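Asker: Starting from the known structure of chain V, arrange chain P on it as the hints suggest.
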Amino acid sequence: MHRVRFYPVGNGDTSQIVLANGKRVLFDFCHRSDGEDPDNPLIDLKKTLRDELKAAQRDDFDVVAFTHGDDDHISNSTEFFWLEHAGKYQDKDRIKITELWVPAGMLLEESTKDNQTSEVIVWRQEARHRLRQGKGILVFSKPEKLKKWCEDNGIDFESRKHLFIDAGKLVPGFSLPEDQVEFFVHSPFIKHTDEGDELRNNCSLIFQVRFDVEGVRTDYFAVGDAGYETFEDIVDATKWHKNDDRLDWDLFNIAHHCSYLALAPDKGEKETEPTAKVKELLEHGKTDAYIVSSSQPIPDDKEAYKQTQPPHIQARKTYEKYLEQVGGRDFLVTMEEPTASKPEVLEFEIGGQGLRLADKAVKGAAAVVTSYKPRAG
Amino acid sequence: MVALVAIGERLEPQDAATLTVAAARAAVTAVREDRNFRLLELRRDGDSEILVVECRSHVFSKNAYGIRFQEPLALRFFRDESKLPEVRPLRADFPDLLHENEQEPGEPIGLCVYQEPWAELRRTWTPQRFLRRIQWWLEAAAEGKLHPPELAPEQLFFDSFITVVLPEDFDVLCSKKDRAVALEGRSPQDGSRWVANATFRPVRQLLQNEDRNYALIALTLPEITHSRPERTPATLGELHERLAKRGAPIDEILFREILRLAEGTGLAHVLKQKTLLILTVPVSNPGGFTHIERRGFLIDAGMGELGVQAGVLDRSLDPNTYVQVHLFGELKLKPQWRSTKIIVPVELRDSFTPEKARRYSGIQDSGPRGVLAGYGALGSAIAENWMRGGWGRWDFIDPDLIYPHNLARHRAWEPHVGQSKVAVAQSLHQALFPKTPAPRAVPASGNDFGKPEVLELLQGAELIVDVTTSVGVPRDFSQRDDLGRSASAFISPSGNDSVLLIEDAKRVIRLDCLEPQYYRFILNAPWADAHLKGHKGELYIGAGCRDISGVIPGELVHLHGALLARQIRLRSAEPTAHIQVWRAHPDTGEVSTHAFGVTSPWIDNCLGFEIVWDHGLRTKLRAMREQALPKESGGVLLGYGDNMTRRIYVVDALSPPPDSYQSREEFQRGVQGLAARISEAAARTANIVNYIGEWHSHPRGVEANLSGTDLFQLVELALLLRQDGAPALMLIVGESSESWFSCEVG
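So the protein lines, in turn, are chains V and P.
All the letters of the first sequence, read from the start, carry residue numbers 1 to 377 under this note's numbering.
All the letters of the second sequence, read from the start, carry residue numbers 1 to 746 under this note's numbering.
Treat the hints as calculated values from the structure; they're not laboratory data.
Please note that the accuracy of each hint is not assured.
To be verified - Simulated crosslink set (DSS-like; lysine-lysine; CA at most 30 Å straight-line): (1) K62/P <-> K242/V; (2) K88/V <-> K47/V; (3) K62/P <-> K277/V; (4) K177/P <-> K341/P; (5) K277/V <-> K242/V; (6) K321/V <-> K62/P; (7) K286/V <-> K62/P.
Please read these numbers as outputs of a predicted model, since none were measured by experiment.
Pulled out of the complex, with its shape left as it was, chain V reads as follows:
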């Protein structure tokens, strides 16, 4: 059984794919120190991941993918992982990364934005180090576009060419026959414009992760942060290449903590009206599909409609509407499952009979004896 896990890290992202053959692919890392307090609804991510690895008798991930360098995707990660470029990141209890996946934007200097922390600089150094070593990294970009950068930085491009993965390709290292999974790269991509091809290096990683178990296909749309324009471009490019099935999804990890900006430029009053192409993507949902919003709870009350920061209830309404339209199952919020007061890891199981939410909720007496109770006086 393959598993996809989403961790309740507030308005941030951390998810993991654990394959039936044991391989682990972690997407983003957002540890909040508040989560170390057992009474806080946020998860203690470091502890949770450490416990998982310990149970699997491992101290490493096969892949850690940073979809992009924003703080809510890398928070406290440089304290957790073993980094190869400097001794100070090599304490013995750090978690190792066999292969690091980053978008080109994390490698290039010019992408520095205001909200980038010192941690993103550390990861840039790590990515560059691995690139110089020529192993343990994949950079998502159009190879030719990085040729000059390599030359400028004294790196032999030809011998590193295989480490640059273009959109529209499958990520090497995973295959349906070997792993029952393949990663189709949607972003970063080339935008076709009148002026010629333009590499959108600021784009975050977006994959369609396809599982195929005994002929039963389950598609997982794994999205870093992206705005509606990115989705529109993805729909365009995918259709232009006649890869329409690469827009299919049974499980959709929606962008940017349920921001309306992933759907349309306007929030809308009651719900966000998605742009035509985003609508098309939403309609690619399959029967019994799920949508996951990695975010704080999204209540449906008066106040919620006035919120400027994501998550946006208007966006949720839209997602739910299209989910119902395609015969999907549930719109699930990481900080709401199973309860907003004590969210837990949201796990999906994927196998030869499709997809399902692993219901680990214990109820009644069984729940009483497996949870901490308020103090009695």
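Answerer: Here is chain P on its own, set in the frame of chain V:
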């Protein structure tokens, strides 16, 4: 939109307060509080109230069993609380699954969400748990986990209220052409269930106007894969179609069989006759388990009529006989037979046979051809366990009769008083297995070898179990090389302890050689001080069954009987000799056990007697010599003689009394505490073990030869023992060997 099955009528107003069944009201609350359930509607149907709900379960999106994420269900609660609340899926195309309950025709199938009977379940049932159970059922069904492959396949048809017990030789009987079956009721017919025996009779005896005579057709169908149980068909045609859908059509097989039975002289016409159709269907599950399901249907037509309806038989020539219509080539059936009514389905059960008994008891091995010598309280308890478990084919030897006081412990009843015990054994076996050959019963002592029937019985046995509570019988068995492996079992006078001695499969270590080892163990084990106490003098375990004064509760006899029955069964499957004691604490009921290591016996000849001792005793003697070196050591020997076997059994050697004189040249055995030790040994062994002689060791380098001093002592000993009529016995333990010396005066 999902097409729904209609059930009952809508309740107005749609308010939980309208509900009158308490469980239904409570369920409304539970549904509202459970995020996986949604209340759609309240309905009523006769004396029940229904919650139409939608249940969301975490099933796989593309599960092979067709269970959906959201399933509309009817939760039906009855005013009569003794009825289990029902769960019925309302989606018209809800899949046929295992573990569903039969409803009236046209009604939705009920989900069999509980295995436990409602009468038990209702004590802990809550609507909240009920909802979770339903959700679990759907999830398990979607994963195919409702019926794990290691379980036997699901039955082909739902249960019936009529059970017919088939004779053991059913297969042989039903292949005969001139037989019909008569149902003989075994239970009162006013009950909700009815059990009848099927007996086969020649058809000519049925030419009367009898209600319970049936023509019999028995068919074997091709193997089918299990699915959920089939509903009971209303007609023969429906039955055919159900089975045809599962790959086992019956039409051709049925009428070919009718034609076969009518071959030659045709079928006799019997008024009022109906047919008992018996189908034998191998049903397999994906785990590779196959079970043979046999199901009967009472058909509302005689076999001949059925043949006429299908156009294969004809009665127009002779009103008393149905004869074959001449058919050419392929069987062409007229459709009229299809509307023949099925009166009632019949559940079929096999008769209770030893083979079935083993299956129900989980016993693989059919067991030995055996003789049980001694059918007393304990023997009868052991034997009953074996009989009911179908283990072994047992014959019985016992000289006694049943007396009234025996009924307190013995598996016998008042009408048996005055009968021989072995006859009772025989009749109990017959009461269990009326069709199985009766055990042989010889009213004699087990060691009465002069009687040819005793010897014949014993010589034919692979396993002889002595439960005679005598010392003689097992010792006498041991003297014969023409008998099979033997075991001896008994309980202590208090009833708290039981003992098993069993020979090795090759009979190298026989019962009479195990007996002294058993005594040595209980003489030296701290826990055994009261093991055989409470005996009545010289008897082996105290009072025999003929002694009215013996007081042992039947509870303890049956407890030990069950323990021993199992242990003898298990131990006899192993090749080694074995001694074991079980002790039941009379107050707490705790049973503890002590097993002993058996050592090889040695038999030495000495003055016309055989001296039986063993490796364990030799080791002990050599250790005592070693410990005393460079001085000599010695002490008394404990044991017993048996004039019938001409053997002296050496049980133990005591260490030197503290006032003994020990030097490099001689040993003079003291007396301090010795009498007490010997009488303790006698007391511990029901007076069997006593003083039998002396042992002493020779110093380093000196072999076990009789010295002048030794000879002098031996003679003096002989003179003293003459008073008991016993010989003097002396054992010398030398440098590398031991020697026995004996002396009898006169």
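Asker: Work down the list of hints and note, for each, if the structure agrees.
Answerer: Against the structure, the hints come out as follows:
no. : hint              : in the structure
1   : K62/P <-> K242/V  : holds (26 Å)
2   : K88/V <-> K47/V   : holds (21 Å)
3   : K62/P <-> K277/V  : holds (28 Å)
4   : K177/P <-> K341/P : holds (24 Å)
5   : K277/V <-> K242/V : holds (15 Å)
6   : K321/V <-> K62/P  : holds (22 Å)
7   : K286/V <-> K62/P  : holds (11 Å)
Hint compliance for this structure: every hint is met.
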